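Asker: Sequence:
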Amino acid sequence: MSLQKGGIMAQAKIWTREFLGMGMTNFFYFMSQYILIASLPVFIMDDLGKGQWEAGMAMTCFQIGTVACRPLAGRIIDGVNKQKLLFLASSVFFLVMAGFYFTSSLHMMWGLRLVHGIVFALGTTASATMAALVLPKSRKGEGIGYFAVSGNLAMVIGPLVGLLIIDFLGPRPLFISLALLALGAIYGGNGKKLPNAVILPSGKKKQGFHFSDFFEKKALPSVILGGLVFFAYGGVLTFIPMYTRALQLSSFTSLFFLVFALVIVVTRPFVGYLFDHHGPDATVYPGFAFFCIGFILFSQVGGVPLLLLSAGILGIGFGALAPAFQTLAVQSAPPSRAGVATSTYFWSLDISVGLAAAVLGVVSDALGYPFMYGVVCLTSALLGLVYYFLWRRSGKRAGT
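Here the sequence shown is numbered in the numbering used here, starting from 1 and rising by one per residue.
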């Protein structure tokens, strides 16, 4: 990649080896997580002889590690060689995945999941930060959108792969596969050295600890908006297996996510082009419209056609909103604080999905899934729309 004095020359090219490597690393990290979400409860209950509570605690341990590490990740990433940090995190990631093969106790499993959450936070934040920094400014929105697809694909493929391997081959081949994914993450993130302007820290280091070391205040509007979107989507991610089971459509749950992901991939070039050439409003307002319509339809599902139609419409909305707010979060901060801005954004997503699992579970038990999706999730999306409108209007009045 060409360099100018102290910086990166803006280029129109997105698909560089550096960008592809970061996307590959991100994909393997997310694949490991989604494979384990689906298959680890089976292993804990069938092979370790434990119950649903113990299986759920494995996910809780992962979330504790992730949420606790996210705020620290930004400061660490911005203060050291980013690529070396990614190599270290991916190496520990490999050791954790290999460690699952030798797991014989529940407490060892919980400990590995805790460490997995920590390195997941470090690895995904570092790869996302470097991916954003190597992108040309003129196509940053489009590029970050493509980068987000790596996580979307893992979300669809991972659970299916995990269940197929553990059902037909057993847990040991599953854990070997996870270790191979970790090796792929190491190669993807370190197959080629990135420019010093991307990986080396810039700016003076502060002494002591400050709030700004862990959170980027300029990114907070995008963080709040992304959190509202992921709170609503967390209801789909967490409760759709039970929802489709109640509708006697369990066999179509995987097809729902397949349609959801395919729509995101197909619309990605168009959405990214709109963001970069016509500004965020051109993607965010239509994105919220599709997102809201998708939840209205999703709450009224009675058969397969409407289930898949709602998947497609939700995919359009989510595929427009999530990368838009991530791009706005990164662009709100100087390059020297890209890591903190990225970690602040991801931290809000971790918290939002966790809150969705807790809050929406109570709502669904008390009032049912149609009310939860049609009222609560729709309200969250509408709040995001109102907040975005007020934020954009105040920013334009201030001349920003």
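Some hints here could point you the wrong way.
What the hints assert, rightly or not - Estimated spans, in silico, between C-beta atoms of each pair:
(1) Y101 x A366: 38 to 44 Å
(2) D167 x N81: 26 to 32 Å
(3) P286 x L355: 25 to 31 Å
(4) V304 x H107: 30 to 36 Å
As the list claims (entries may be wrong) - Computed list of lysine-lysine pairs in DSS-like fashion (alpha-carbon distance at most 27 Å, straight line):
(5) K140 x K192
(6) K50 x K137
(7) K192 x K13
(8) K84 x K50
The set of hints was computed from the structure by calculation and includes no laboratory data. The structure displayed is predicted, hence computed values, not measured ones. All C-beta atoms, glycine included, are put in the ideal place defined by N, C-alpha and C.
Asker: If a hint holds in the structure, say so; if it doesn't, say that too.
Answerer: Hints versus structure:
Checked against the hint of 38 to 44 Å, the pair Y101 and A366 passes, with Cβ atoms roughly 42 Å apart. Here the CB-CB span from D167 to N81 is close to 42 Å, at odds with the stated 26 to 32 Å. As the Cβ distance of P286 to L355 is approximately 26 Å, the hint placing it in 25 to 31 Å holds. For V304 and H107, the Cβ-Cβ distance of about 43 Å falls outside the hinted range of 30 to 36 Å, so the restraint is violated.
Among the hinted pairs, K140 with K192 is consistent with the structure: their alpha-carbon atoms are about 21 Å apart, no more than 27 Å. Note on K50 and K137: the hinted pairing is violated, with a Cα-Cα distance of about 51 Å set against a maximum of 27 Å. Restraint check for K192 and K13: the C-alpha separation of about 17 Å stays at or below 27 Å, so the hint holds. In summary, the hint linking K84 to K50 is not supported, as the alpha carbons are separated by about 39 Å, beyond the 27 Å threshold.
In summary, the numbered hints that this structure violates are 2, 4, 6 and 8.
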